[in-house]
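Trainee: Each chain, written out:
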Amino acid sequence: MSQNDLDKRIAEAQAKIDAQERPKYMAAGKGMGLGFRMASDFAAAVIVGVALGWGLDTLFGWSPWGLLSCLMLGFVAGVRNVVATASKANQAVDNKGEGAGE
Amino acid sequence: MRIATDPMHQFQVSKLLDLNVGGYDISFTNSALFMVIGVLLVIGFLAFATSKMGTVPNRVQSLAEIWYSFIAGIVKDVNHAPGKPFIPLVFSLFSFIFIANMLGMFPYWFTTTSHIAVTGFMAIFTIGLVIVVGLMKKGLGFFKIFVPSGVPFVLLLIVTPIEIISFLSRPISLGMRLFANMLGGHVALKVFAGFIPSLALALGGLGMLMGGLLVMPLIVGVTALEFLVSFLQAYVFAMLTCVYLNDALGEAH
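As given, the protein sequences belong to chains A and B, one line each in that order.
Using my numbering, read the first sequence as starting at 551 and increasing by one per residue.
Using my numbering, read the second sequence as starting at 1090 and increasing by one per residue.
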């Protein structure tokens, strides 16, 4: 009981220290990093869609339907990546106020 | 002249030591040389910083401590307690990429991270680790990340392929971003720098004046930006490693 209590208090104190020190380390370039992430996440999903579709086409002779449908799916997956990243970033800001990490 | 202004020449891998084992070409290249230099620099610095440890850290020790707690902070932030065993891994990844990027900023030095063979391998290793850890921790339940909860069955037929493509895009995104940023940045630097001799050749004294007054400040700015990008790419790679590890460690989200 008391051990549990102590653990909890240590965790709380640690979280407080972390929250104080975090902005110091995270100051530069957070938004830029997020931007790089979104751009390449989107592009990569489209590339994977094309590769997958092309592979299916050559394997099963579905040309051009495999490429067409997988390109669309890749597009959707790319948008989904970007939206997921953005909503997570928004959540982090809402939860912890400005300058908080994800 | 052609070598001096060719922006792609700096990325050529050349053999320093010919090695051939069992039909495989494993020659020691300039790329490998700079990887070794980077790793030795990191190990050497950390060994030096931790050789005379004090309760009150001296300058070198506190630099090493900030470096470590920066990475530990990211891992704790994203993965919380279960991420603790992975701090050394993320630290190594960050340090290697950071030092390789920084070594690449020296003129005439090779940028290891501007080759997709290197960044792609690191990305595939990271995702492979996520899959292995996920399968070890959750068994087949790991594959639930492809099947979001609370989605009707008909939609799952569309959502699951999208989730799979999204998962497969991660190693590509991870490797491509680092490689493309380093490649693009160094090409841009070289192209801008190449304006000065080109202007001087074409216009003589006036060209040199224009090069000095207009192009040089631009190069200084782009160089500063490249330093920021060098750090940022290492940071993004480390953070995304943590984010992806969360799929294997964390509860369903």
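Honestly, the hints are just simulated from the structure, not real lab data.
Wrong hints could be hidden among the right ones.
Using 27 Å as the maximum straight-line C-alpha spacing, the simulated DSS-like pairs for lysine-lysine come out as follows [what the hints assert, rightly or not]: (1) Lys-566/A with Lys-1165/B; (2) Lys-1104/B with Lys-1173/B; (3) Lys-580/A with Lys-1226/B; (4) Lys-1233/B with Lys-1279/B; (5) Lys-1233/B with Lys-566/A; (6) Lys-1141/B with Lys-638/A; (7) Lys-638/A with Lys-580/A; (8) Lys-1226/B with Lys-558/A; (9) Lys-1173/B with Lys-1141/B; (10) Lys-1165/B with Lys-558/A; (11) Lys-638/A with Lys-1173/B; (12) Lys-1173/B with Lys-558/A; (13) Lys-1226/B with Lys-638/A; (14) Lys-1104/B with Lys-1165/B; (15) Lys-1173/B with Lys-580/A; (16) Lys-1227/B with Lys-638/A; (17) Lys-1165/B with Lys-638/A; (18) Lys-1227/B with Lys-1279/B; (19) Lys-1104/B with Lys-1227/B.
Trainee: Evaluate each hint against the coordinates.
Mentor: We went through each hint and held it up to the structure:
1. Lys-566/A with Lys-1165/B: holds (13 Å)
2. Lys-1104/B with Lys-1173/B: violated (40 Å)
3. Lys-580/A with Lys-1226/B: Distance of about 31 Å is beyond 27 Å: violated.
4. Lys-1233/B with Lys-1279/B: Distance ~47 Å between Lys-1233/B and Lys-1279/B Cα, so the pair is violated.
5. Lys-1233/B with Lys-566/A: Distance of about 34 Å is beyond 27 Å: violated.
6. Lys-1141/B with Lys-638/A: Roughly 42 Å between the alpha carbons, so the hint for Lys-1141/B and Lys-638/A is violated.
7. Lys-638/A with Lys-580/A: Judged against 27 Å, a Cα distance of about 14 Å means the pair holds.
8. Lys-1226/B with Lys-558/A: The given pair, whose Cα atoms are some 26 Å apart, holds under the 27 Å limit.
9. Lys-1173/B with Lys-1141/B: holds (26 Å)
10. Lys-1165/B with Lys-558/A: holds (16 Å)
11. Lys-638/A with Lys-1173/B: holds (22 Å)
12. Lys-1173/B with Lys-558/A: holds (18 Å)
13. Lys-1226/B with Lys-638/A: holds (24 Å)
14. Lys-1104/B with Lys-1165/B: violated (42 Å)
15. Lys-1173/B with Lys-580/A: Measuring from Cα to Cα gives roughly 23 Å; hence the hint holds.
16. Lys-1227/B with Lys-638/A: holds (24 Å)
17. Lys-1165/B with Lys-638/A: holds (17 Å)
18. Lys-1227/B with Lys-1279/B: Distance of about 49 Å is beyond 27 Å: violated.
19. Lys-1104/B with Lys-1227/B: violated (45 Å)
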